[in-house]
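Just so you know, the sequences run in chain order A and B.
So the number in the working numbering is just where the residue sits in the first sequence, counting from 1, plus 218.
So the number in the working numbering is just where the residue sits in the second sequence, counting from 1, plus 44.
Honestly, the hints are just simulated from the structure, not real lab data.
Since the structure is predicted, the reported quantities are computational estimates derived from the model, not experimental observations.
The C-beta atom is built at its ideal place from N, Cα and C for all residues, glycine as well.
Watch out, some of these pointers could steer you wrong.
A short, non-exhaustive set of chain A residues, derived as facing chain B with CB atoms under 10 Å [to be verified]:
no.: 1; residue: D226
no.: 2; residue: E241
no.: 3; residue: E244
no.: 4; residue: P262
no.: 5; residue: M272
no.: 6; residue: R326
Here are the computed lysine-lysine pairs in the DSBU-like style, where the Cα-Cα straight-line distance is at most 35 Å [what the hints assert, rightly or not]:
no.: 7; chain 1: A; residue 1: K240; chain 2: B; residue 2: K73
no.: 8; chain 1: A; residue 1: K240; chain 2: B; residue 2: K169
no.: 9; chain 1: A; residue 1: K305; chain 2: A; residue 2: K290
If you want the footprint, here are the derived chain A segments under chain B, 3+ residues with CB under 8 Å [as the list claims (entries may be wrong)]:
no.: 10; stretch: 227 to 236
no.: 11; stretch: 313 to 324
Each chain is listed here by its residues.
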Amino acid sequence: MKILIAEDDATSRLVLDLTFKKESFETVSAADGEVACRLVSEDPTIDMAVLDWMMPVVDGLEVCQRIRAIRKTDPIYVIILTTRDEKQDVIQGLNAGADDYMSKPFDRAELLARVRVGERVVSLQRDLNRRIRSLEEARDHIQVLQEIVPFCMHCHKIRTDKESWERIETYIEKNSGTVLSHGLCPECLEKFYPDSDA
Amino acid sequence: MATADGKPGQDSVTPPPVDLEAECPVFDKAGLLERLGGDEDLADRVLEVFLEDAARQIEELRQLGETGDREGVARRAHSIKSAAGSVGATVVAAAALDVELAARESAADIAGPIAVVCGSFDRFKTALRGQAG
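Isolated chain B, as found in the complex (with noise of 0.2 Å):
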């Protein structure tokens, strides 16, 4: 917990926030296609599919967030996560891995690591794009 002028409280055990841009690329083509033996049309199809089972996914978990059904959370986050890690969408995953720890802690705030979900997915949509173009 960070005081008014922005330094770290004395009484707070919550670690700083990590970059998790700056730890990993949002989008690990490279790790991708060398899972699929650097097919580009077979990374297309799995992308395709990531895109749509993830949207549902992350809706899923905003809403399960939303009803404070924490374990629903958890395997809802682990889930984003598996299927994130699997197609190189490193930040997704990083952040999906945060969440899934924070619903398993009873008194975690789990708001807003599942705000990062979100938007480290229109992230890696946007870094998508960025590489189609």
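Here chain A stands alone, though its shape is the one from the complex (with noise of 0.2 Å):
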């Protein structure tokens, strides 16, 4: 877990850095926004984002706005920390982009709760994002089977890229891991089961 700190105050900075690498996470630093927004467009590793509000050339607020541009299919967590904490800031902050807000001078177990949320939620993005990915590939794959696909006009097998035939539902089977289960259709039920009840 990489978190991006931004902070123009030095002192502040190496608090939270330090706060930050004595529960084991990587950590990158920025002394304006300016910077900030840079580390984020090189570095895709970067998880989340603690970010001041008021530091000179872009603010916080700013900052939150440009990685929601830069990072839209993997999000970054951010979390704005500073001592503006009016309510009306609060929710500027939060309509600014940011996943949570916080005041200073923080309380460390308060904010080690929230980054331990944000990393939760990052997880539940990360997982959410690969199994769209998988799932986009094979409909892809799918997509392109149907395309390429020659099949008995009578019995419905399938030809294979090795010359053979086979049932249609071993050959979905095969090639697209979908499981096939039985059914009978009330056509067929009509057709093959005259005398059924069912």
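From these two lone chains plus the hints, build me the complex, please.
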């Protein structure tokens, strides 16, 4: 888990850095918002950002918005950490795209608890993204098969790339991983089992 | 504003001065250690950085105050407040907050509050030396 710390004050930056490293998190630091955005652009392994609000060059809220634009498909969990603690500030921070908001000076246990929440969210998001990618790949694979597969016009067996013929259910199971289950449609029921009461 | 006899004037809207040290300790070492998981070595490293960085920032604050750059004063005071809060220099943080608020009020005096920040930083250093000794 890699955390970006964006904080213009050297002391606060060091305290955050030591706090996270002591908990075995990897960290990268930026002394202003511009550098923070550059780091996010260059380093796809950053999972989370802890941003001061009031920073020179680019402030924390703008950094938050830029991060959202840079990492659209693999979002970074953003915590705004600031001395601005009015209710309106919290609302403004969250509306800017932050996932969480904390006041300074921070309580270590609370900050780490919130970071753990972020870690869980990032993990869930990554897992979801992996599943979506896997499904998209499977869908693409099936679409390719549908486009190129010749089948017998009478028995509906499919000709494989080894020039043999397979039953359609066998072929689909082999090539897509889909497990097929036999059933009986009403038309076939009527045709093949005319005496059935079902 | 106090009158010659030391009583508050009727036309004054300025609140009485707050005795910062009576309200909070000069150095909240317990708070700093709590933030660093009780690690004294880390606390020493942080304090070392703070002493150097805060001295520079407070000098810049003083210079900005002399030039009348209120926006610059507010920004610098905000940064000092943040740093001081991080290391448990509570009196410095409170004094810096006063400067920040004063700098954002166009008519408020900032020289006085800036002097308080300088004094509180000196007291913080004295308190640190006292603890080290």
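key: Structure-inconsistent hints, enumerated in ascending order   = Violated: hints 3 and 4.
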